[in-house]
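Asker: Fit chain B to the given chain A structure using the hints.
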Amino acid sequence: MNEHEKHDAALNAMFTAAKAEDPVPSGDLMARIMADAAAVQTQAAVVSAPIPAPKSILHILSDAFGGWAGASTLAACVGLGLMVGFTSPETILSFVPGTTAEASEDAFGLYFDTDL
Amino acid sequence: MMPFDSQSEISDDALMVLFANGDADAASALAHRHTSRVLALAYRMLGDQAEAEDVAQEALMRLWKIASEWRQGEAKVSTWLYRVASNLCTDRLRKHSGKRRPADIDSVAEPADETPSVEKKMIGQDRADALQSALQTLPERQRQAVSLRFLQELSNPEVAGVMDISVDAVESLLARGKRGLATALEGRKTELGLEF
Numbered sequence: 004m005n006e007h008e009k010h011d012a013a014l015n016a017m018f019t020a021a022k023a024e025d026p027v028p029s030g031d032l033m034a035r036i037m038a039d040a041a042a043v044q045t046q047a048a049v050v051s052a053p054i055p056a057p058k059s060i061l062h063i064l065s066d067a068f069g070g071w072a073g074a075s076t077l078a079a080c081v082g083l084g085l086m087v088g089f090t091s092p093e094t095i096l097s098f099v100p101g102t103t104a105e106a107s108e109d110a111f112g113l114y115f116d117t118d119l
Numbered sequence: 035m036m037p038f039d040s041q042s043e044i045s046d047d048a049l050m051v052l053f054a055n056g057d058a059d060a061a062s063a064l065a066h067r068h069t070s071r072v073l074a075l076a077y078r079m080l081g082d083q084a085e086a087e088d089v090a091q092e093a094l095m096r097l098w099k100i101a102s103e104w105r106q107g108e109a110k111v112s113t114w115l116y117r118v119a120s121n122l123c124t125d126r127l128r129k130h131s132g133k134r135r136p137a138d139i140d141s142v143a144e145p146a147d148e149t150p151s152v153e154k155k156m157i158g159q160d161r162a163d164a165l166q167s168a169l170q171t172l173p174e175r176q177r178q179a180v181s182l183r184f185l186q187e188l189s190n191p192e193v194a195g196v197m198d199i200s201v202d203a204v205e206s207l208l209a210r211g212k213r214g215l216a217t218a219l220e221g222r223k224t225e226l227g228l229e230f
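Top to bottom, those sequences are chains A and B. For the first sequence, position 85 matches number 88 in my numbering, and the numbering has no gaps at all. For the second sequence, position 193 matches number 227 in my numbering, and the numbering has no gaps at all.
The following block holds chain A by itself, in its conformation from the complex:
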């Protein structure tokens, strides 16, 4: 064995001994690393969550009436009421105490200036 080979053999023995004594990650270090990982994953989930778009006035109004379904129902009822009121008011006025169909027709005609 020449001088160079002796040096290499000696150093190899030292490297082997050093590798056998490599530091082992402590439980505390692993816990810190896993806590970091969890924090990064949580932050990423928050960032990637969809942000709701700002609501328009129409949306706010429809929400006030119970959403689109509620607002549609309300609009349909109003339309139906107006239609009944214009086409055959006697069916409505006959339910009002102290009125007759004729008197009501006159009053309705005077008020709305119609020729019923």
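Heads up, some of the hints might be wrong.
As a list, the in silico DMTMM-like pairs of lysine to aspartate or glutamate whose alpha-carbon atoms are at most 20 Å apart [unchecked claim]:
| hint | chain 1 | residue 1 | chain 2 | residue 2 |
| --- | --- | --- | --- | --- |
| 1 | B | Lys99 | B | Asp82 |
| 2 | A | Lys9 | B | Glu225 |
| 3 | B | Lys212 | A | Glu6 |
| 4 | B | Lys223 | A | Glu6 |
| 5 | B | Lys223 | A | Asp31 |
Just so you know, the hints here were simulated from the structure itself, not pulled from any lab data.
Answerer: Same frame as chain A, but now just chain B:
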């Protein structure tokens, strides 16, 4: 979700994707696979267990943060971590420069004499301690190259990749590093049972 462990055959690249998708088991598998090697390199570079742990934690933290942008097949996770850990060690060494000098191997306390029954184990421990002290006498780049090549067992091209230098430059650093180690250990070769 099935749990992963360090023996899992799932590639690092796949684990990075799983991690980015929020899989905690992927984080555990990556940490168990790489922390000990990163810690060992940092310890060889810094010679201080607590500082080495801080570097290992920071290197892994940077891995977690880059996971969502990780490009599969472009770099090995291990090489990437070694590079990050090496840079973190270099930063620390530069901050410490002027505050402390590399250890002089002759100034390292001799281990206490123990009973013959533990002699073999003590020789191994003595050699490991002596090498660690000898490493601290090397210039930073030689220490890094020697640690990566002979203790982390990377190939010369892998060391070149981590250090961002040519393979020729790695070979030069290794040759000088080995000569430096031999010189540092010269005075203790008999005690350590070495012949050179």
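Asker: Looking at the structure, which of the earlier hints fail to hold?
Answerer: The structure breaks hints 1, 5; every other hint is satisfied.
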